[in-house]
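Visitor: Construct the entire structure; sequences and hints are all you get.
Listed in order, the protein sequences are those of chains A and B. Taking UniProt numbering as reference, the numbering of the first sequence is continuous, increasing by one, and the terminal residue is 861. Taking UniProt numbering as reference, the numbering of the second sequence is continuous, increasing by one, and the terminal residue is 226.
Please keep in mind that the hints were generated in silico from the structure rather than gathered at the bench. Incorrect hints may appear among the rest.
Computed cross-link-like contacts, DSS-like style, restricted to lysine-lysine with a CA-CA straight-line distance of at most 30 Å [as the list claims (entries may be wrong)]:
id	chain 1	residue 1	chain 2	residue 2
1	A	Lys541	A	Lys614
2	A	Lys84	A	Lys137
3	A	Lys137	A	Lys860
4	B	Lys158	A	Lys363
5	B	Lys119	B	Lys158
6	B	Lys27	A	Lys137
7	B	Lys27	B	Lys47
8	A	Lys456	A	Lys419
9	A	Lys252	A	Lys84
10	B	Lys85	B	Lys119
11	A	Lys526	B	Lys158
12	A	Lys860	B	Lys27
13	A	Lys456	A	Lys554
14	A	Lys546	A	Lys587
15	B	Lys27	A	Lys84
Example chain B residues on the side facing chain A (calculated, C-beta under 8 Å, incomplete) [to be verified]:
id	residue
16	Thr140
17	Gly142
18	Pro167
Built from N, CA and C at the ideal position, the CB exists for glycine as well.
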Amino acid sequence: MHALEAKVLIFGIGVACASCAFAGDTSGTMRVGDMQFGNALDPRGWTPMLYPADPDGMSYLHAGMLRTPTGLPYRFPPAAADVKPLGKATDWTYSGVVELGFIHVGGGRNAEFFRQYADWKSGFALGLLALDFQNAKTGQYVELRGSRLSGDDQFYRLRAGQYGRYRVEAFYRDMPHTVSTNAYPLWNGVGTSDLTLPSPLIAGASTPGQVAAAHAGSSRRTIGLTRTREGIGIEGTVWRNWIGSASVTNEKRSGTRLWGGSMFFNYPFPDNGGVLETVRPIDFRTTDVNLSVRNVGRIWRFMATYTGSFFRNNQDHLNFESPFRLYNVVGTPQVADIKYGQFSLEPDNDYHNVRLDLSRELKGNGQFTVAAAYGTMRQNDALLPPTTCTGTGGIFIAPPVNYTFNCADWNTTNALSQKNANARIDTGLIDTRLTFRPTPTFGWHANLRWYREDNKTRYLAYNPITGQYGYISENGSQGSIVPGESGIFDPRNPLLHSANVTVRNVPYGYTDTLFELGGDWEVAPKQSLSATYTFDHNQPKYRERKRVDDQRIKLAWVARSVGGATIRASYEYASRTGDHYNYDPYKQFFSESLAGFVDPVTGIAAHTVDDMRKYDLSDRTENKARLILTYPWGDSTTLSATFYGSRDRYDTQIGRQNTSTTGATLQWDWQPTPATTMNVYLGAEGTRLGISNVADNESLIGSNIGQTNPSLGGPLYPYANQWWEFDRERNSNAGLSFSHDFGRVRADVSYNYSGSFGHVGYNYASLAALAYHGPNAAAAAGDSFPDNSYRSNSVDLGLSFRFTNQLGMRLFGRYETGSFTDFHYAGFDNTLDYDHRVYTDKGPQRHYSASLVGAMLNVKL
Amino acid sequence: MSTIVRLIVAASFAWMLPCAAADAPVKPLDLRRVETVHGDATAGTAKAAVCAACHGPAGVAIAPTFPNLAGQSATYVYIQLKEYKEGQRANPIMTGQAAGLSDADMRDLAAHYAALAPKAAGRPDASSRGAVLYLAGDPTLGVPPCQGCHGTAGRGPKPAFSSSPQPSWHSFPSLAGQSSLYVTQQLGDYRTGTRVGSSNASVMHGVTQNLSDADIAALSSYIESL
Chain A
1 MHALEAKVLI FGIGVACASC AFAGDTSGTM RVGDMQFGNA LDPRGWTPML YPADPDGMSY
61 LHAGMLRTPT GLPYRFPPAA ADVKPLGKAT DWTYSGVVEL GFIHVGGGRN AEFFRQYADW
121 KSGFALGLLA LDFQNAKTGQ YVELRGSRLS GDDQFYRLRA GQYGRYRVEA FYRDMPHTVS
181 TNAYPLWNGV GTSDLTLPSP LIAGASTPGQ VAAAHAGSSR RTIGLTRTRE GIGIEGTVWR
241 NWIGSASVTN EKRSGTRLWG GSMFFNYPFP DNGGVLETVR PIDFRTTDVN LSVRNVGRIW
301 RFMATYTGSF FRNNQDHLNF ESPFRLYNVV GTPQVADIKY GQFSLEPDND YHNVRLDLSR
361 ELKGNGQFTV AAAYGTMRQN DALLPPTTCT GTGGIFIAPP VNYTFNCADW NTTNALSQKN
421 ANARIDTGLI DTRLTFRPTP TFGWHANLRW YREDNKTRYL AYNPITGQYG YISENGSQGS
481 IVPGESGIFD PRNPLLHSAN VTVRNVPYGY TDTLFELGGD WEVAPKQSLS ATYTFDHNQP
541 KYRERKRVDD QRIKLAWVAR SVGGATIRAS YEYASRTGDH YNYDPYKQFF SESLAGFVDP
601 VTGIAAHTVD DMRKYDLSDR TENKARLILT YPWGDSTTLS ATFYGSRDRY DTQIGRQNTS
661 TTGATLQWDW QPTPATTMNV YLGAEGTRLG ISNVADNESL IGSNIGQTNP SLGGPLYPYA
721 NQWWEFDRER NSNAGLSFSH DFGRVRADVS YNYSGSFGHV GYNYASLAAL AYHGPNAAAA
781 AGDSFPDNSY RSNSVDLGLS FRFTNQLGMR LFGRYETGSF TDFHYAGFDN TLDYDHRVYT
841 DKGPQRHYSA SLVGAMLNVK L
Chain B
1 MSTIVRLIVA ASFAWMLPCA AADAPVKPLD LRRVETVHGD ATAGTAKAAV CAACHGPAGV
61 AIAPTFPNLA GQSATYVYIQ LKEYKEGQRA NPIMTGQAAG LSDADMRDLA AHYAALAPKA
121 AGRPDASSRG AVLYLAGDPT LGVPPCQGCH GTAGRGPKPA FSSSPQPSWH SFPSLAGQSS
181 LYVTQQLGDY RTGTRVGSSN ASVMHGVTQN LSDADIAALS SYIESL
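Guide: In structure tokens:
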């Protein structure tokens, strides 16, 4: 088919045509199918189908290339594919492309950033398989699309349907996500839910030296996961104007992830406790179900939607062996043998949401819409016992000072107040909107939205076997190092009747009511002003404030006639206030709220400093501004620039003080002919964050009535313990791409740069503000952490040869370099073991360079 | 046989003849940037004597085989003459007639016919299949409404002001009152690709792809009644 003919078919509304699949990939919605198909070899998923560009441009109706309303150019459309008849007595035609070849990866192929989302491997690869069948008479089509880099990096998609009637889609996709390629786990059993120590280490009986020696023999592993996603969906006319859709997608995530493993503090208790970086299994499955029916009439529009999401975790726990022996700090013989840790992993949970949308045209060029939704999230997994310890836990000092507990009373589900979670959060939404445009130059809208998140989960940590409350903290390790910190409250035991421990969950929730009123005026031809006022009234539950009001005014100016350029400018001012701030609304969730709790002689330590204002609740003023310029320079060039900034100030002495963001982008797009395109992009952004805080005077905890004083400047939070943090980040990126079609050969080159820099500075009132109080603390502290930085550069070159109309070859190569510095990983090149702290990940490679070359044969089917 | 009768007979059987341009393909005219055509209508009147033999002295055709030209877009008429002259459109009569025309002649003739009063409006049946196709199209078949480019009354488009790039509206013909025989012939030519000598013809090629013979007949009758 000649390009001219194919383009004409596009003009016909909804007529199936050879060029449709090649002209655009419009999966579009989550109602049916997946959002994006592509991989590192071809992020767009259909690049081989884009070339050559159609010399006739975009449309037989419009001269030249079109631009978006704001002046950005559309790309030249690809030339229509060569379609062939499927048979003699049929209207069906077909077209297709196969791109198959070999990739060779060299250099630092295991560099983390090189393979973060790509499973590059040397070997054969299927760049693209695209097969399209169309029937221009009936509007029916069938499309197959696939690509495969490896068994963990591939996608396949099948679509079929009839334009204007129905669409069916089925897909399968594997997407890799590499977390680390430089991990050295100490344990055996990585990938399972049970981590065991390698020989000759013995759980709870190994020294740091033995651990370091064993760890030195660990082999390097890659930590990461693969997302396998598949689904099927259908959308089509059910009856008259009624359109229905149904889809089911399933995503399985399998692999590993870096995780923790705490056996209580090690820093303040040298040669004691345990801080372990473990590896947990990832074995999730999420199934999403979407059902909808809608009716689009001339006056009324209606839509009903059901969304269901079902998460299943095949691993409900992570058990790990801790190598280190623990000692109690009072120096009495250790009666406990705590050597195992356990995490409860994410529970299975279900989500249901039903939503109704109704819209009606109104006289006076208006529209009224209302949406109502009800959702519920539930999980009722079987709960794990409070601990896995055996024997005796805790500390025995001398009769009657006995802080021990019998593990058998806690390592069973009979120690729980309920066997299942019975957790539930319900949500409700009512959203109404009124829009009018009484004249062509003036319009206004009003919006009223109500949303509630009602957490109905109630759990009381009560052990019916012992009649005690709370849970065994840190699997027994904490209470076996510090007397009385086992996490248990017992109103009958004088040793434990003043233990203030968490006994209930906090059922966080909120109700949010939002009102918005806005208008826009076309003050002159191609110039409009708009103003919007928003009042957001939030009522959180079980938080420090019961009411938070956020008022916002936004002004915007759009001009499309300033010397041919489009200017979009906006400014926002927002002010957040609220009612009285209660620095401790959590008493009811601690044992101090239970009958039988006895206030200790020295009182209960303040929950936090009363001048603390959490950043999501504190008073705040915000200023935001944005300026976007788009300048179409002739028919083939477009310059665009964006400048933006925001400034937030928080009205508090303790907590987040301020944040700011300033950024700019500059872009140049040039496509003088269908054969040539060039793009250049530059972007930079800087952010700052200021925090003020105060360290507590730990010497008072548990021993002095001064611990009850929450005031800044008081004995627990003296001014001398104040500290301030100043974060500064800078991100920059640049890109260049050039492509030219010489006829038989198309050449393309691209360059990408990405860089970031992070600086964490701080100040403090005195050494008392620091966590480390040693004699050389001041010298060691300085005024900042070492700077973090990340940079990567990559160059891509490609040559695509057209041997014949059916046969071609693409030769391509990539060279990528990068560097990375992060003080969190400092020293790990030498050892991953420090006292009772064991780390797994050495972090991304500090310098790397990797390359790949490939040759792909292109065959048109 | 009179000259007029010979012309009628020749034109009636012209579609049976091989396309003159078939052996030597001529590049289609790209009309997307075409400017509005102006000419000397008075001079055109003097040059239209021969044309009147088929298209009528007042621009209303003497037989349904021929198109009415009265009130037609000057740009459209000029383009058709140019296509006949250059070979993008073929007709045994018109090809010969246009061969000797200068560019000025074609502009003058176009201006002359554009200045004539169009044929009086008829009484279209708004409930007919032709009316539905003309006014609303048939989305299920991928047929766009004709009125989008030819105007609701078939007297040419009347686009609202827009600052975005616009099609060359002035190059689209008015259709009102054209004989159903002539319209049927032209739609058929578009559909088969016989008439594909310009970017506008390419548009029509797509538009007509899914029109059945019955739909073309219904549409032609409706257009004649406009």
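Visitor: Now tell me if each hint is right for this structure.
Guide: Here is what the structure says about each hint:
Straight-line distance between C-alpha atoms of Lys541(A) and Lys614(A) comes to about 15 Å, which keeps the hinted pair within the 30 Å bound. Restraint check for Lys84(A) and Lys137(A): the C-alpha separation of about 15 Å stays at or below 30 Å, so the hint holds. For the hint linking Lys137(A) to Lys860(A), the alpha-carbon distance of about 24 Å falls within 30 Å, and the restraint holds. A threshold of 30 Å between alpha carbons decides the hint, and for Lys158(B) with Lys363(A) the separation of about 26 Å falls inside it, so the pair holds.
Under the criterion of a C-alpha separation no larger than 30 Å, the hint pairing Lys119(B) with Lys158(B) is consistent with the structure, at around 19 Å. Taking the CA atoms of Lys27(B) and Lys137(A), the gap is about 28 Å. The hint holds against a cut of 30 Å. Proximity of Lys27(B) to Lys47(B) is assessed by CA-CA distance (about 28 Å); at most 30 Å being required, the pair is judged to hold. Restraint check for Lys456(A) and Lys419(A): the C-alpha separation of about 17 Å stays at or below 30 Å, so the hint holds.
Among the hinted pairs, Lys252(A) with Lys84(A) is inconsistent with the structure: their alpha-carbon atoms are about 39 Å apart, more than 30 Å. Between Lys85(B) and Lys119(B), the direct Cα distance comes to roughly 27 Å. Compliance with the 30 Å bound is thereby established for this hinted pair. The straight-line distance between the Cα atoms of Lys526(A) and Lys158(B) is roughly 21 Å, inside the 30 Å bound, and the hint therefore holds. Restraint check for Lys860(A) and Lys27(B): satisfied, since their Cα atoms lie roughly 27 Å apart, inside the 30 Å limit.
Restraint check for Lys456(A) and Lys554(A): not satisfied, since their Cα atoms lie roughly 37 Å apart, outside the 30 Å limit. With a C-alpha separation of about 16 Å, the suggested pair Lys546(A) and Lys587(A) falls inside the 30 Å cut-off, and the hint holds. For the hint pairing Lys27(B) with Lys84(A), the CA-to-CA distance comes to about 24 Å; that is within 30 Å, so the pair holds. Hint on Thr140(B) holds. Least Cβ distance to chain A is approximately 5 Å, under the 8 Å limit.
Because the smallest distance between the Cβ of Gly142(B) and any Cβ of chain A comes to about 3 Å, under 8 Å, the interface hint for this residue holds. Interface hint at Pro167(B): satisfied, since its Cβ lies 4 Å from the closest Cβ of chain A, which is below the 8 Å cut-off.
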